[in-house]
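Participant: Sequence:
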Amino acid sequence: MRHQEISLLVIFDAIMTEGSITRAAELLELTQPAVSNALSRMRQAWNDELFIKDGRNIQPTIYAQNLWERVRNPLLELEEAVDIEGFDPATAKRTFRIAAADTIIDTAWGPLRKIIEEQAPHINLHAVPYTISNGHELLDNAEVDLVVGALLDSNNAICSEYLYSPCYTCVMRPNHPLTQTPLTLEEFASSDHLLVSLSGEASGYTDEVLAQYGLSRRVAMTVNHFSAVPKLITQSDLIAIVPSSTLEESIFSGELAVVEPPIQITSKQVNNYWHKRQDTDKGLTWLRNHISRIIKEHASAHIEELEKRICNKCK
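According to our numbering, the sequence shown is numbered sequentially starting from 1.
These aren't lab readings, by the way, just hints derived from the structure by calculation. Since the model is a prediction, treat every value here as computed from it, not as a measurement. Even glycine gets a Cβ: it sits at the ideal position worked out from N, Cα and C. Be aware that a few hints might be false.
[As the list claims (entries may be wrong)] Cross-link-like lysine-lysine pairs, in silico, DSSO-like; alpha carbons within 27 angstroms at most:
{"#": "1", "residue 1": "Lys231", "residue 2": "Lys268"}
{"#": "2", "residue 1": "Lys93", "residue 2": "Lys282"}
{"#": "3", "residue 1": "Lys282", "residue 2": "Lys296"}
{"#": "4", "residue 1": "Lys93", "residue 2": "Lys114"}
{"#": "5", "residue 1": "Lys276", "residue 2": "Lys296"}
{"#": "6", "residue 1": "Lys296", "residue 2": "Lys114"}
{"#": "7", "residue 1": "Lys296", "residue 2": "Lys268"}
{"#": "8", "residue 1": "Lys276", "residue 2": "Lys93"}
{"#": "9", "residue 1": "Lys53", "residue 2": "Lys93"}
{"#": "10", "residue 1": "Lys282", "residue 2": "Lys114"}
[Stated by the list, open to error] Computed beta-carbon distance windows for the label pairs:
{"#": "11", "residue 1": "Gly254", "residue 2": "Thr184", "range": "16 to 26 angstroms"}
{"#": "12", "residue 1": "Asp140", "residue 2": "Tyr162", "range": "15 to 25 angstroms"}
{"#": "13", "residue 1": "Ala45", "residue 2": "Ser267", "range": "44 to 54 angstroms"}
{"#": "14", "residue 1": "Arg41", "residue 2": "Lys114", "range": "36 to 46 angstroms"}
Work out the full structure, taking the sequences as your base and the hints as a guide.
Facilitator: Following this line, the structure appears as structure tokens:
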């Protein structure tokens, strides 16, 4: 391969990573016209449009996506092979894309931003929408560097690190009639439920458990982020099954009443997930370590108290 072709691949990788010609130019410390000229040479050399305008953004073609899948990891390995000192957060210029639910963002983004401002001023963090069912695909297609949450399935190409196990509880407004006595299975099933569904589906694991008892529930409303739950619950007769740590401020303040569910909800573990092609990526390892420490410290500081107060039967 000629040197010119390698240079084009490096610029192509930057455009794919940043999703923008302007940001790619900044990452590579080149002018925007220089990157645009390189893109023209790529289109001619590879006989494909590569990127198509989508409003103010650009979208890669199928050819570009397939090409990036093949060259991204080799380019990273080449960079690491010639980088004697390894990743230096103080000088590194990278954008990391992380798929996570809003509660993870609420927990980790503030501390991460403080670390970046102090140690890695040129690092960018971009949050990406995520569902349990699409996390695997996001990693396989190199759309994100990291998934923080749970995956519906996995394979040998996905690496993981355990973070914590959520504890589920039932929340409702403090003066809800169901707070007066222990919640029965029949009362639970016949209530109007609010479901937090990242995917938009109007059913979840709670419905599977109820089906084992020959029961079903009415999912009267769904939302796609946990931050919407407190206001809806306090202004209605809706009840919701949620991981207790996602609403701890509302629970501890007394804004929401918590009732032990009449069914056992076994939670999926919250993990860090990344593709094996990035297992030796020193930059991602640096970021993972910080995310792991932040989330584990938060869990250890709050989960035990949450379990004691609202989920005595959880382990």
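Participant: So which of the earlier hints does this model not fit?
Facilitator: none
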